[in-house]
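Asker: My request is simple: use the sequences and hints to build the entire structure.
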Amino acid sequence: MNCFCGHFWLLLSLLIPLCTGKIETEDIDQTSTIARLSNDNFIPLVGVGVGNLQHELIDKVVSTALASDKKNQLFDTARASRNEHIIANAISKSSGILQRPQGAIHIVTKVWYTYLGYERTKLSVLESLNDISSSVHNIPIHVHMLLHWPRCNDDIPWMNCEEEENNLPKYVKDAGPPPHLDKKNAWKDSWRALEDLYIEHEKLQKLDNNVFISSIGVSNFDFDDMKELVKDSRIKPHVIQGNIWSLMYDPYLMSLLREHNIFFQAYNVMNGVWQQRSKTPIAFSILTKIGNNLSAKIRRPRLKGNKDLTDVTEAMVIMSWLIEQGIGIIPRASSSIHQKENSVVSLGAVPILTNEEKEQVKKSVSALLSGVDMKVEVTFHNTLPSGHVQIKWKNLQTGEEVQVADKIHPGETNSIQTHPGHTFVVYDAIQKLRREFVVSASYGEKERFLIDEF
2 MNCFCGHFWL
12 LLSLLIPLCT
22 GKIETEDIDQ
32 TSTIARLSND
42 NFIPLVGVGV
52 GNLQHELIDK
62 VVSTALASDK
72 KNQLFDTARA
82 SRNEHIIANA
92 ISKSSGILQR
102 PQGAIHIVTK
112 VWYTYLGYER
122 TKLSVLESLN
132 DISSSVHNIP
142 IHVHMLLHWP
152 RCNDDIPWMN
162 CEEEENNLPK
172 YVKDAGPPPH
182 LDKKNAWKDS
192 WRALEDLYIE
202 HEKLQKLDNN
212 VFISSIGVSN
222 FDFDDMKELV
232 KDSRIKPHVI
242 QGNIWSLMYD
252 PYLMSLLREH
262 NIFFQAYNVM
272 NGVWQQRSKT
282 PIAFSILTKI
292 GNNLSAKIRR
302 PRLKGNKDLT
312 DVTEAMVIMS
322 WLIEQGIGII
332 PRASSSIHQK
342 ENSVVSLGAV
352 PILTNEEKEQ
362 VKKSVSALLS
372 GVDMKVEVTF
382 HNTLPSGHVQ
392 IKWKNLQTGE
402 EVQVADKIHP
412 GETNSIQTHP
422 GHTFVVYDAI
432 QKLRREFVVS
442 ASYGEKERFL
452 IDEF
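Converting from the sequence shown to my numbering requires adding 1 to each position, the first position being numbered 1.
Don't take each hint at face value.
[Said to hold, decoys possible] With a straight-line Cα cutoff of 25 Å, these simulated PhoX-like cross-link-like pairs (lysine-lysine) come out:
hint: 1; residue 1: 189; residue 2: 290
hint: 2; residue 1: 298; residue 2: 280
hint: 3; residue 1: 71; residue 2: 298
hint: 4; residue 1: 204; residue 2: 237
Worth flagging that the hints you see were computed from the coordinates, not collected in a lab.
Answerer: Right under this line is the structure:
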């Protein structure tokens, strides 16, 4: 097994639910969509990404997300998007027309890397809070404040450290030194600022202030940065935001997060997974099959739940798999169809996956991300005392046999990528004796055949 695969299976064993529960219904169990953070505050597992959304679309997307048939209560953005006031205003306007009592709304926002450093970070946070609080009235807003990046990195094509610094307003430059000149330490000073602001806002929370910092965290931090952060911080991060690749292929980071009870919120989930869908039709078909099975459960007579949800799509299967493990998701969608699929109401109505389905989803997502489709790996091991063997694949429709391995000597093995139900015929050296083997393993599994007799 290569290092890549080894890391993947190690990571899968670490994806343990944070705090999801089950909603009892008459016929099936459904997934909870709320998580408890390490500071005992709550955060929705399902949110809406509006950071890069065109400003003119935000009102409609927010009002649609808050509607009673979706019930989304978390919106993800960033200070760099310059839309916090638009989101807050849309929340304020929408709350008046909702047909249900409105609970707390959550906004995840982030400090841009040009604002790293103690004073610059405090400035950015206070500007964000001011934009949010000045646009909402009598609505509890729980703000989750993150550092967007640990540093500006000129190796990333779209980052232009010097140019962005030069373009900052004078009052920002006067607040603190340029962070790109101290890339190793600037984010550490920023974290101290977040800690101080969080402590101040804990007092505001106790006074029932409408807008306050509910948690602090980071985004796009790798294992080394996170290890240093949890080691030196007074308050460990409550939240980390990262992409689906970090979740799937960085087992050391995920182990560290689990050890310190840090909530993982995944962005770019579906874009990351779907990019190589055309190369992995088998993996995609497995998600389709699981979705069909879940849809059939929803359609059962007398089922209590979302009466409008009848079809579980492949995307919903993946998102349900994530939130069942306590992983937060913030899909971006402007179309009404995708907003419905991505909503709290729809995902909360999806039946809980069986253990077998969870394993199949894991393997399917891995295949989709890597662009290598799922197959069965069968290994033939020659344990005969003497004589080599040959292996042929048998076409059950025509009876034709095609040689796939020649001269496997005693003590040797040969691995073949194949499909469930395929039949192989093993012959002795002179092709006088034969023995058939039928693959019983499922896609993504391995099967071992011992050639010990004919």
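Asker: Run every hint past the structure and note whether it holds.
Answerer: Here is how each hint holds up against the structure:
1. 189 to 290: Between residue 189 and residue 290 the Cα gap is close to 47 Å, so the pair fails against 25 Å, i.e. violated.
2. 298 to 280: Answer violated: residue 298 to residue 280 is near 30 Å, above 25 Å.
3. 71 to 298: Holds, at roughly 21 Å.
4. 204 to 237: 18 Å, holds
The earlier numbered hints that this structure contradicts are 1 and 2.
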